[in-house]
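**Student:** These are the residues of each chain, in order.
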Amino acid sequence: MSQTLTSSSQAVRTPAPARSPADRIAQWIPKLVLSPTLVIVVVFFYGFIFWTGLLSFTNSRMLPSYGLVGWDNYVRLFNNERWLVALGNLGIYAFLFIVICLVLGLLLAILLDQKIRAEGALRTIYLYPMALSFIVTGTVWKWMLNPQVGLEQFVQSLGWESFQFDWLVNPDFSIYTVVIAAVWQSSGFVMALFLAGLRGVDDSIIKAAQIDGASRFTIYTRIIIPSLRPVFFSAFIMLAHIAIKSFDLALALTGGGPGISSDLPAIFMYQLSFTRNQMGIGAASAMIMLLTVIAILVPYLYSELRVKKHD
Amino acid sequence: MTEHNQRRYSDISGRAILYALLGIMALYYLLPLALMIVTSFRSMDEIRMGQLIDWPTQLSLDAWRIAWDQAQIGARSEKGLRPYFINSLLMTLPAVAISTMIGAINGYVLSFWRFKGSNLFFGLLLFGCFIPFQAILLPHATVLGKMGISGSIVGLVFTHVIYGVAFTTLFFRNYYVTIPGELVKAAQLDGAGFWRIFFRIMLPLSTPILTVCVIWQFTQVWNDFLFGVTFSDPSSQPITVGLNNLVNSSTGERRYNVDMAGAIIAALPTLLVYVIAGKYFVRGLTAGSVKG
Amino acid sequence: MYLKKRFMAAAIASALSVSTLSATATAGEVEVLHWWTSGGEAAAVSVLREMVEKEGHTWKDFAVAGGGGENTMTVLRARAVSGNPPSSAQIKGLEIQEWADLGFLANLEEVSKQEGWDDVLPPVVADIMKHYGYYVAVPVNVHRVNWMWVNPAALEKAGASVPTTLDELWETADKLKAAGIIPIAHGGQSWQDATVFESIALSSGGPDFFRKAFVEHDQDTLLSPQMETVFDQFRKAREYLDPGFPGRDWNIATSMVIRGEAGMQFMGDWAKGEFTAAGMEPGTDYLCLPFPGTEDAFAFNIDSLAMFMQRDADNVRAQQTMARLVLSPEFQETFNLNKGSIPVRLDQDMTPFDSCAKASMETFQRTSENGQGLVPSMAHGMSTSSAVQGAIYDVTTTFFNSSMSSQDAVRQLASAIRAAQ
Chain Z
1 MSQTLTSSSQ AVRTPAPARS PADRIAQWIP KLVLSPTLVI VVVFFYGFIF WTGLLSFTNS
61 RMLPSYGLVG WDNYVRLFNN ERWLVALGNL GIYAFLFIVI CLVLGLLLAI LLDQKIRAEG
121 ALRTIYLYPM ALSFIVTGTV WKWMLNPQVG LEQFVQSLGW ESFQFDWLVN PDFSIYTVVI
181 AAVWQSSGFV MALFLAGLRG VDDSIIKAAQ IDGASRFTIY TRIIIPSLRP VFFSAFIMLA
241 HIAIKSFDLA LALTGGGPGI SSDLPAIFMY QLSFTRNQMG IGAASAMIML LTVIAILVPY
301 LYSELRVKKH D
Chain W
312 MTEHNQRRYS DISGRAILYA LLGIMALYYL LPLALMIVTS FRSMDEIRMG QLIDWPTQLS
372 LDAWRIAWDQ AQIGARSEKG LRPYFINSLL MTLPAVAIST MIGAINGYVL SFWRFKGSNL
432 FFGLLLFGCF IPFQAILLPH ATVLGKMGIS GSIVGLVFTH VIYGVAFTTL FFRNYYVTIP
492 GELVKAAQLD GAGFWRIFFR IMLPLSTPIL TVCVIWQFTQ VWNDFLFGVT FSDPSSQPIT
552 VGLNNLVNSS TGERRYNVDM AGAIIAALPT LLVYVIAGKY FVRGLTAGSV KG
Chain E
604 MYLKKRFMAA AIASALSVST LSATATAGEV EVLHWWTSGG EAAAVSVLRE MVEKEGHTWK
664 DFAVAGGGGE NTMTVLRARA VSGNPPSSAQ IKGLEIQEWA DLGFLANLEE VSKQEGWDDV
724 LPPVVADIMK HYGYYVAVPV NVHRVNWMWV NPAALEKAGA SVPTTLDELW ETADKLKAAG
784 IIPIAHGGQS WQDATVFESI ALSSGGPDFF RKAFVEHDQD TLLSPQMETV FDQFRKAREY
844 LDPGFPGRDW NIATSMVIRG EAGMQFMGDW AKGEFTAAGM EPGTDYLCLP FPGTEDAFAF
904 NIDSLAMFMQ RDADNVRAQQ TMARLVLSPE FQETFNLNKG SIPVRLDQDM TPFDSCAKAS
964 METFQRTSEN GQGLVPSMAH GMSTSSAVQG AIYDVTTTFF NSSMSSQDAV RQLASAIRAA
1024 Q
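Each protein sequence line maps, in turn, to chains Z, W and E.
Its first residue numbered 1, the first sequence is counted upward by one per residue in this note's numbering.
Its first residue numbered 312, the second sequence is counted upward by one per residue in this note's numbering.
Its first residue numbered 604, the third sequence is counted upward by one per residue in this note's numbering.
If you are wondering where the hints come from, they were derived from the structure by calculation, not from laboratory data.
Because the structure is a prediction, the values reported are computed rather than measured.
Any given hint might turn out to be false.
Listed next, the in silico DSBU-like pairs over lysine-lysine satisfying Cα-Cα at most 35 Å (straight line) [what the hints assert, rightly or not]:
| id | chain 1 | residue 1 | chain 2 | residue 2 |
| --- | --- | --- | --- | --- |
| 1 | Z | LYS115 | Z | LYS207 |
| 2 | E | LYS778 | E | LYS839 |
| 3 | E | LYS716 | E | LYS839 |
| 4 | W | LYS590 | W | LYS496 |
| 5 | W | LYS390 | E | LYS760 |
| 6 | E | LYS760 | E | LYS780 |
| 7 | W | LYS390 | W | LYS457 |
| 8 | W | LYS496 | Z | LYS245 |
| 9 | E | LYS961 | E | LYS663 |
| 10 | W | LYS590 | Z | LYS245 |
| 11 | E | LYS663 | E | LYS716 |
| 12 | Z | LYS31 | W | LYS457 |
| 13 | E | LYS780 | E | LYS839 |
| 14 | E | LYS778 | E | LYS760 |
| 15 | W | LYS390 | W | LYS496 |
| 16 | Z | LYS245 | W | LYS390 |
| 17 | E | LYS657 | E | LYS961 |
| 18 | E | LYS815 | E | LYS760 |
| 19 | E | LYS716 | E | LYS961 |
| 20 | E | LYS961 | E | LYS778 |
| 21 | E | LYS961 | E | LYS780 |
| 22 | E | LYS657 | E | LYS760 |
| 23 | Z | LYS207 | W | LYS390 |
| 24 | W | LYS427 | Z | LYS207 |
| 25 | W | LYS457 | E | LYS780 |
| 26 | E | LYS815 | E | LYS839 |
| 27 | E | LYS815 | E | LYS657 |
| 28 | E | LYS716 | E | LYS815 |
| 29 | W | LYS427 | Z | LYS31 |
| 30 | W | LYS496 | Z | LYS207 |
| 31 | W | LYS390 | E | LYS961 |
| 32 | Z | LYS245 | Z | LYS31 |
| 33 | Z | LYS115 | W | LYS427 |
| 34 | E | LYS961 | E | LYS760 |
| 35 | Z | LYS245 | E | LYS663 |
| 36 | E | LYS839 | W | LYS390 |
| 37 | Z | LYS31 | W | LYS390 |
Covered stretches of chain E, as calculated for chain Z (at least 3 residues, CB under 8 Å) [claimed, not checked]:
| id | segment |
| --- | --- |
| 38 | 643-651 |
| 39 | 1003-1012 |
From the three backbone atoms N, C-alpha and C, an ideal C-beta is built for every residue, glycine too.
Using the sequences plus the hints, can you model the full thing?
**Tutor:** What follows is the structure in structure tokens.
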């Protein structure tokens, strides 16, 4: 697979036959430079994943122990109502969060790219929520979304008596409030990524298209946005990473509630592993999370990495 | 003539809609910050007896002073968030610098010096972004203990570099693949080597992505709570742990004004980075260095 | 040159070791991992720090807040696997036994004998602190969980009387509701839900039922019609809340009672601090009463510090000193005045305490002597392992926030407890 990948790319490679010792060393430099990262990947990524996988088949409770119990932890996990709710919530949350952030981030970047006055100030305003820690964000949004002290009360006091916005306290909608706060926090960064991408698009192509009489809309949908593909890729990876690990935000905003209605797998795993002394089940839930990621991500990674670069 | 006027008219109304949209969005982003700032200036009596969300009747700076160096956090001898703040600086600066540098070099290799398996390597590295960190806390703690750096700032820097390189590499790699390979080929023909090409050609071209990467890493490391709380000891706890200690009390009153002042203090460096970095970001872009 | 350097190094090293020997014949270090990070709690634990330092030892303060100790527990595990546990950590209830089983905890036999802990501590408390007959932890305080906090002005306005049974409770609640006052101030977080559930179980089923269900996990009791009644009553409490309750912090709920927006709150005695901070007097501005139907019961929640085995002899000494100081009447008084709880010592002078604390102490002593009404709190991790406690939390909070029937809840509770054991 890597053979075809390499040959399909136009990457510069060192000449294959080494002519002198110096060349030989030069040839090894790139690999040498990557070797610390390779150690990280092998030990700290996959080594620890393997260890977690091992734990998921043991009877570990408070601390790791190595009595094997087969698939028992997985059976218990999927008999746990709360885990199923958490898994379903992750699906809703991750999908909405990623899609809204991408759309909003792209939209804001395009709007900001129209030679706007005060662009610097606006960009900072969109970007700053990323600077706040989740603990704080959760608390502030909790106030704002609370029907009795926040927005609902505020709008009602303005005279719109029948205004209702009680998602935070409604078990059917609480997970969407987590989406609202998370989008608020992360969409600015996506905007920045897209803005960097937009500024990198070759002006001459756009000018040529304009001369050909293409409308602004066509130029965006046909030329500019498709050229942002690597940016979409970076943004997607970043957002997926945030979504899967979402933990502090949901804890601070809803505490997983009302009831267990906005629970997420990361919260579940943390609690079972560290406060409920069911580390084996916690490890099993971590493995399921990873497998889910593999199922969704690997096809995407594969297709992205296969695309010819440097065209 | 009329067509021209119409076009101008639609341009003007288009601009108006554009600015209105941007303005509404700005409100959505600003509202929570405004709430935080307003609350931090209210007194606790006012909050307890009135509404949680309200204007201050008088400006009070007490909450800020308490959060910075007066609040008794646990039984520490040093009061307030100040010591935590300093720890965070000591941890974040090296962690961001090292992980960004490694990411830049990795990205450079993976874009211009590919070898058999380099794409596979990149894929494996990327997958590392998705490990739920909660799952690796204990093995990582064991490794830190074996290395003799558990509980230290060095240990925290090490941890953040390790779990940050996947992202920094991703950023640089995806940026460098948009730069034409001919640039490197030409430099090679001129006799430039691996490092010379990197430092003389690639780095000067990297301002925008460097900015994005630094913003991201700084935010991640500064705001990280999970690693900060698990791998620190009393002398190395970062600001997020301090803030959490300040705002959380299992059985005691909550001082929302102090919470909010503390939260803003904790966010100041990141906010500063955004404002400053944003400037360089634009400068890098307007220099036209991205256009390839 | 090289030799000289080595010689110097050796000389410095020996000089240092001599000086450390002489200086630390008494002085050691205690590293204390706890989650008393802010407000009155922080002030209270600072008192202990001063006392320890006065004895010549160093106090390394390791405060980690959050979620009733969730983060603290993570840190403790990380420290334990890296081979470097702190000398002392805030651990509760059965968790103490679990750490002791793994061989992490130190034996406090010597200091406990010297100080005669067995004579001053009620056996119920001592049992929790002991592992195979030896003390491995020291208790800091006793909280009573089954309290009811009442705003008498609000009740008067509604023409309602103070309830003493569950039936009266719902009558009072109805009257408050009719008068436009929120009957029950509540925060919808799983531990608060469990706190109310626990008080209702104690009232409706009595202490024996409580013990069978939440200490012994007797399946017949868990599946009994009585348990169904408990869930029915728990559901009834839900009718008297305001719509904004989910996720609310407990002290916000308390402030609703303080302002008279709400009539009552069911919460442990730590709520008292909020009333005190608002300048209210117990007995006149607010009432602290046992949860209706639980006058003769006492659901206890004890904070404690477990002692971890230390290698350094000086640190061991410092650790023992701290253990002794925690149980000293001086510390017990200051700490508990700050925290709203009562001292663990049965011989404590209660003069400085307010009427609520005195009443609490009276019930505590009475129930611990007659062995009838004193039960470990389920909601606060005293009665069960954390796995079982978590399982109960999940069921009660789901029930409270959905339309699940009481029959289903009973079945789920029983099977969740069985699965977690």
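**Student:** All hints are to be evaluated individually against the structure, with a verdict given for each.
**Tutor:** Status of the hints after comparison with the structure:
Under the criterion of a C-alpha separation no larger than 35 Å, the hint pairing LYS115 of chain Z with LYS207 of chain Z is consistent with the structure, at around 16 Å. Only pairs whose Cα atoms come within 35 Å are accepted, and LYS778 of chain E paired with LYS839 of chain E is accepted, the gap being roughly 15 Å. Proposed proximity of LYS716 of chain E and LYS839 of chain E is contradicted: the alpha carbons are some 50 Å apart, above 35 Å. Restraint check for LYS590 of chain W and LYS496 of chain W: the C-alpha separation of about 32 Å stays at or below 35 Å, so the hint holds.
Straight-line distance between C-alpha atoms of LYS390 of chain W and LYS760 of chain E comes to about 45 Å, which puts the hinted pair past the 35 Å bound. In summary, the hint linking LYS760 of chain E to LYS780 of chain E is supported, as the alpha carbons are separated by about 11 Å, within the 35 Å threshold. A threshold of 35 Å between alpha carbons decides the hint, and for LYS390 of chain W with LYS457 of chain W the separation of about 33 Å falls inside it, so the pair holds. This hinted pair does not check out: LYS496 of chain W and LYS245 of chain Z have alpha carbons roughly 41 Å apart, beyond 35 Å.
Restraint check for LYS961 of chain E and LYS663 of chain E: the C-alpha separation of about 34 Å stays at or below 35 Å, so the hint holds. About 31 Å separates the Cα atoms of LYS590 of chain W and LYS245 of chain Z, which keeps this hinted pair within 35 Å; it holds. Restraint check: the Cα-Cα separation between LYS663 of chain E and LYS716 of chain E comes to about 27 Å, which is no more than 35 Å; the hinted pair holds. Of the supplied pair hints, the one linking LYS31 of chain Z and LYS457 of chain W holds, its CA atoms being roughly 28 Å apart against a limit of 35 Å.
Between the alpha carbons of LYS780 of chain E and LYS839 of chain E the distance comes to roughly 13 Å, so the proposed pair stays at or under 35 Å and holds. Proposed proximity of LYS778 of chain E and LYS760 of chain E is supported: the alpha carbons are some 10 Å apart, at most 35 Å. A distance of roughly 58 Å separates the Cα atoms of LYS390 of chain W and LYS496 of chain W; the hinted pair therefore is violated under the 35 Å criterion. Note on LYS245 of chain Z and LYS390 of chain W: the hinted pairing holds, with a Cα-Cα distance of about 32 Å set against a maximum of 35 Å.
Of the supplied pair hints, the one linking LYS657 of chain E and LYS961 of chain E holds, its CA atoms being roughly 30 Å apart against a limit of 35 Å. Among the hinted pairs, LYS815 of chain E with LYS760 of chain E is inconsistent with the structure: their alpha-carbon atoms are about 41 Å apart, more than 35 Å. Between LYS716 of chain E and LYS961 of chain E the alpha-carbon distance is near 29 Å, which keeps this suggested pair within the 35 Å criterion. Only pairs whose Cα atoms come within 35 Å are accepted, and LYS961 of chain E paired with LYS778 of chain E is accepted, the gap being roughly 31 Å.
Taken as a hint, the LYS961 of chain E and LYS780 of chain E pair is honoured in the structure, with Cα atoms around 32 Å apart against an allowance of 35 Å. Restraint check for LYS657 of chain E and LYS760 of chain E: the C-alpha separation of about 53 Å exceeds 35 Å, so the hint is violated. Annotation: proposed proximity of LYS207 of chain Z to LYS390 of chain W is violated, straight-line Cα distance about 61 Å (limit 35 Å). Taking the CA atoms of LYS427 of chain W and LYS207 of chain Z, the gap is about 40 Å. The hint is violated against a cut of 35 Å.
Proximity of LYS457 of chain W to LYS780 of chain E is assessed by CA-CA distance (about 62 Å); at most 35 Å being required, the pair is judged violated. Between LYS815 of chain E and LYS839 of chain E the alpha-carbon distance is near 24 Å, which keeps this suggested pair within the 35 Å criterion. Only pairs whose Cα atoms come within 35 Å are accepted, and LYS815 of chain E paired with LYS657 of chain E is rejected, the gap being roughly 46 Å. The suggested pairing of LYS716 of chain E with LYS815 of chain E holds, with an alpha-carbon distance near 33 Å, which does not exceed 35 Å.
Between LYS427 of chain W and LYS31 of chain Z the CA atoms are separated by roughly 10 Å; this keeps the pair inside 35 Å, and the hint holds. With a CA separation close to 29 Å, the supplied pair LYS496 of chain W and LYS207 of chain Z stays within the 35 Å bound. A distance of roughly 34 Å separates the Cα atoms of LYS390 of chain W and LYS961 of chain E; the hinted pair therefore holds under the 35 Å criterion. Only pairs whose Cα atoms come within 35 Å are accepted, and LYS245 of chain Z paired with LYS31 of chain Z is accepted, the gap being roughly 31 Å.
With a C-alpha separation of about 44 Å, the suggested pair LYS115 of chain Z and LYS427 of chain W falls outside the 35 Å cut-off, and the hint is violated. Between LYS961 of chain E and LYS760 of chain E the alpha-carbon distance is near 29 Å, which keeps this suggested pair within the 35 Å criterion. Taken as a hint, the LYS245 of chain Z and LYS663 of chain E pair is honoured in the structure, with Cα atoms around 32 Å apart against an allowance of 35 Å. The hinted pair formed by LYS839 of chain E and LYS390 of chain W fails the criterion: a straight-line CA distance of about 46 Å is larger than 35 Å.
For the proposed pair LYS31 of chain Z and LYS390 of chain W, the alpha carbon gap of about 49 Å is over 35 Å, so the pair is violated. Only when three residues or more bring their CB closer than 8 Å to a CB of chain Z does the claim for the segment 643-651 of chain E stand; here the count is 0, and the claim is violated. For the segment 1003-1012 of chain E, the stated coverage by chain Z holds: 3 residues have a C-beta nearer than 8 Å to a C-beta of that chain, and at least 3 were required.
In summary, the structure is inconsistent with hints 3, 5, 8, 15, 18, 22, 23, 24, 25, 27, 33, 36, 37, 38 from the numbered list given earlier, while agreeing with the others.
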